[in-house]
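Asker: Construct all of the structure, not just a fragment, from the sequences and the given hints.
Protein sequence lines correspond, in order, to chains A and B.
When we follow my numbering, the leftmost residue of the first sequence carries the number 1, and every step to the right adds one.
When we follow my numbering, the leftmost residue of the second sequence carries the number 1001, and every step to the right adds one.
Treat the hints with care, as some may be off.
Said to hold, decoys possible - Some chain B residues near chain A, calculated using beta-carbon distances under 7 Å:
1. L1044
2. A1054
3. I1067
4. P1249
5. Q1252
6. K1263
By construction, these hints were calculated from the structure, which means they are not laboratory data.
Note that the Cβ used here is the ideal one computed from N, Cα and C, for glycine as well.
Next come the chains, spelled out residue by residue.
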Amino acid sequence: MNGFEFPTRKGMGRRSLLQALGVAAVGISFGGLAACSKSDGGKMAATGEEASLNFYNWDTYIGETTLDDFKDASGISVNMSLFATNDELFAKLRAGNPGFDVIVPSNDFVERMIESDLIVPLDHSLIPNMKNIDPTFIDVAYDPGRKFSMPYTWLTLGIGYRKSKVKGVPDSWKYLFDSAEYTGRIALLSEAGDVIRLGAKYLGHSVNGLTPEIIKQVEAMMIRQKPNIKTFHEDNGQDLLLSGEVDVVMEYNGDIAQIMVEDDDIDFVLPKEGSQLNSDTLCIPKGAPHPKNAHSFINYLLDAEVGKKIAETILFPTPNAAAKALMPDSYKSNPVIFPPADQLAKCEYASYNEKLQPLYEEAFTRIRAA
Amino acid sequence: MESWKNHKALFAAIATAPLTWLILFFLLPLGIVWLYSFGTNQGLTQIDISGTFANYARALEPLYLGILWKSVLVAGATTIICLVVGFPVALAIVFASDKWKPWLLLGIMLPFWTNLLIRTYALMAVLRTEGYANQTIGWLHDKFGWLMTLVGLPPPGAYEPMHLLYNNFAVIFGLVYVHLPFMVLPLYAALDKLDKSLIEASLDLGAGHLRTLLMIVAPLAAPGIISGIIITFVPALGAYLTPDLLGGPDSQMIANVIERQFKRANDWPFGAALSFILMYATFIAIAFQAMKARQAEARQ
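Answerer: Pasting the structure below:
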């Protein structure tokens, strides 16, 4: 008998493992907070605050020794708890900050949290390492001048595919949204907003220029395409691709870059119509118990050497120019992690739209019910 | 025997803790969610309890009723399969020797010791295109395909893996797998109390095995069957993880839609209305069952 082999992976994307382990995440969060209330009670840090910090982060989204190194450098011990989706983060903060000092929301949620007054402005004088950030990431639409957030990573959605199973390069959203060529071998992300916005992008609209009519149009296209789609995945598209379950998948570039290390038959392409950019950022929520430690920690994460170590572990594109300069060529000139500039020029950050979000969800419910 | 009514203080002392717990952590939060279902979103984080029925009106649109109906069908199919599979299992445990009984019961309960998520992932490893099920059948197919020539048929071609995962079959399979113990345990409890001499009498008097099962055993075990059906059907109706992980593009159930309202759509009032529609439906079903039971009792 040919041995039963279950494909396993060393690295799991930040958006996949914990998403599945939502229940466990709650446990970890509560445990983390319960623990942090007593730890290092009496000790003081150089910032004049109690020597501890509560960090709320994605899973597998920090360097292996970063937190210990920070403790050695500053004396502040970091209690890290994990969340799996921005919605989880938002839901937890919406009823009042349960004690987090630094959080890592994505760009659209930065907007949402500024609007709902859940995060506080940053004191740039306490974050001198801001100079390390690539200038193109300073004046972004979702937070002009970086008043509330510091960029931690960025990522983009595209198409991951198995080279031996496709003809040429599937370099258009058409193959996912509007074609029977790869029928039964397609998986899309189970995020209403992303699917509808990128559908609109394929039809030639900006991801920020959607109207209820365009949403209707995209919905009709997706209902037509549905028989060709194998599944809507919970951001574990890389696993589906690696295990041969599907051959073309909508997924983040960093997630595909992680599995390309294990299987050289896999590649990633940014569709020619352009795509949607995301950025995860470091913010301080309102009511943070240790705001000075939080600034000091954010500044530390933006240090070139520290940023390099983080990038080595998580393999997502870094907006930290100084850290990127220290990285080997295999990372710096990897076209999956850093797609060519002319392709990136066609990508946009999607801004949060309170009015349209329920419409995305309803359209998605209809697509799935059709 | 003395009535507990003579020891009110003792009763109060014992009942206070669980009652407080029930009110504080179950009824109160549930009441808040119930109020939300009559509210409207004000901005991103505020909900105004305006007493509107708009959320219920939206929840009763054909789109959501259709999804609810589909969930009922999936849960119903799960329950029927569990009953058909679980009944013989429960019967087998009842008639097993005393030495074996605890081990068989342990075998039924063992999966409970593993987290539902882990079990679902294990099922994915079995069902996927290159999973254990397809590998085993493929191996049998390759090794024993030549047997076909013995009966004069042409040997089969190369093995085409079956698509077992990401469809409605996988969802029902997963739900049956998870809920089977919920059916077997109440059935076992009911069948174990059954007077076995009645079965012997039935067989002695000439009824066949099937007839004995349907006319003697099933009616006597009816309370167990009904409670088994309820505690299988209700959680299956609200299943969320299984359709999410094993389902295909059209396998959404009502709980998945509710989850999206609370998270991505940030529309708590509508999500609350959907949850309560589900709860009302369940209450009505249980009340109906209780009424039937009372009628049956009255008739006797």
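Asker: Each hint needs a verdict: does it hold in this structure or not?
Answerer: Results of checking the hints against the structure:
no. : hint  : result
1   : L1044 : holds, 4 Å
2   : A1054 : violated, 13 Å
3   : I1067 : holds, 5 Å
4   : P1249 : holds, 5 Å
5   : Q1252 : holds, 4 Å
6   : K1263 : holds, 4 Å
Hint 2 from the list above is the single one not met by this structure.
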